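Asker: Chains as they are written, first to last, in my numbering: chain A, 55 to 170; chain B, 3 to 113.
These are calculated hints, taken from the structure and not from any lab test. A quick note: this is a predicted structure, and the numbers were derived from the prediction, not measured. Treat the hints with caution; some may be incorrect.
No more than 35 Å apart at the CA atoms, straight line, and that leaves these computed lysine-lysine pairs for DSBU-like [unchecked claim]:
1) B:LYS100 / A:LYS74
2) A:LYS120 / B:LYS71
3) B:LYS5 / A:LYS74
4) A:LYS118 / B:LYS54
5) B:LYS71 / A:LYS68
6) B:LYS5 / A:LYS109
7) A:LYS120 / A:LYS109
8) A:LYS68 / B:LYS54
9) A:LYS118 / A:LYS74
10) A:LYS118 / B:LYS112
11) B:LYS5 / B:LYS71
12) A:LYS109 / B:LYS112
13) B:LYS112 / A:LYS120
14) B:LYS5 / A:LYS95
15) A:LYS120 / B:LYS5
Listed below are the residues making up each chain.
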Amino acid sequence: GAVVSQHPSRVICKSGTSVKIECRSLDFQATTMFWYRQFPKQSLMLMATSNEGSKATYEQGVEKDKFLINHASLTLSTLTVTSAHPEDSSFYICSASQVLGGPEAFFGQGTRLTVV
Amino acid sequence: LAKTTQPISMDSYEGQEVNITCSHNNIATNDYITWYQQFPSQGPRFIIQGYKTKVTNEVASLFIPADRKSSTLSLPRVSLSDTAVYYCLVAGSGNTGKLIFGQGTTLQVKP
Numbered sequence: 055g056a057v058v059s060q061h062p063s064r065v066i067c068k069s070g071t072s073v074k075i076e077c078r079s080l081d082f083q084a085t086t087m088f089w090y091r092q093f094p095k096q097s098l099m100l101m102a103t104s105n106e107g108s109k110a111t112y113e114q115g116v117e118k119d120k121f122l123i124n125h126a127s128l129t130l131s132t133l134t135v136t137s138a139h140p141e142d143s144s145f146y147i148c149s150a151s152q153v154l155g156g157p158e159a160f161f162g163q164g165t166r167l168t169v170v
Numbered sequence: 003l004a005k006t007t008q009p010i011s012m013d014s015y016e017g018q019e020v021n022i023t024c025s026h027n028n029i030a031t032n033d034y035i036t037w038y039q040q041f042p043s044q045g046p047r048f049i050i051q052g053y054k055t056k057v058t059n060e061v062a063s064l065f066i067p068a069d070r071k072s073s074t075l076s077l078p079r080v081s082l083s084d085t086a087v088y089y090c091l092v093a094g095s096g097n098t099g100k101l102i103f104g105q106g107t108t109l110q111v112k113p
């Protein structure tokens, strides 16, 4: 199946700093990617839809100025958590689907963000 | 997007067949039912998708009754490595990306 890769897999940052997470589709092009957040013992929550060449679409309650999304190419979307605080500590996961592909969405391995 | 309801947790033993049922009473005509598996600290992985009746692949079977208001994921002869969270999702055809996850079912397989 198709591969979606995230980097880094885990990151620790100081409160007030910004962190960038990359999501790459390795063997297919993705005009749309999705970003999820998952807190411990909870389900995945969709944060935003990343659209290549245009602005991201954020779900209700997600601060677009805090979670900056850039989808500059057909294989790369980035999520930047700006001015991170301890409550932003979470597991961030991206996904992408193949255009005219099968029914499945392909997820990255996730990024564990810890803000200290 | 139709809401789904699953048992929060299930226990099983190695070698047994496990059936996880999902309710989706408000499923729309063009919705498909998809199941994902998630291990701790990993992204979800697609298991199976179906629209009606029965679908089988190398890892699972999916049973969908005629009214499509529920579905059952069947895992044959589970092993310890099948311990994971299983999510049932309902979405329209072509919507493979914007997924709304419910609470999922935590399956614990015991030796």
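Asker: Compare the structure with the hints numbered earlier in the document and write down the numbers of the violated ones, lowest to highest.
Answerer: 2, 4, 5, 8, 10, 12 and 13
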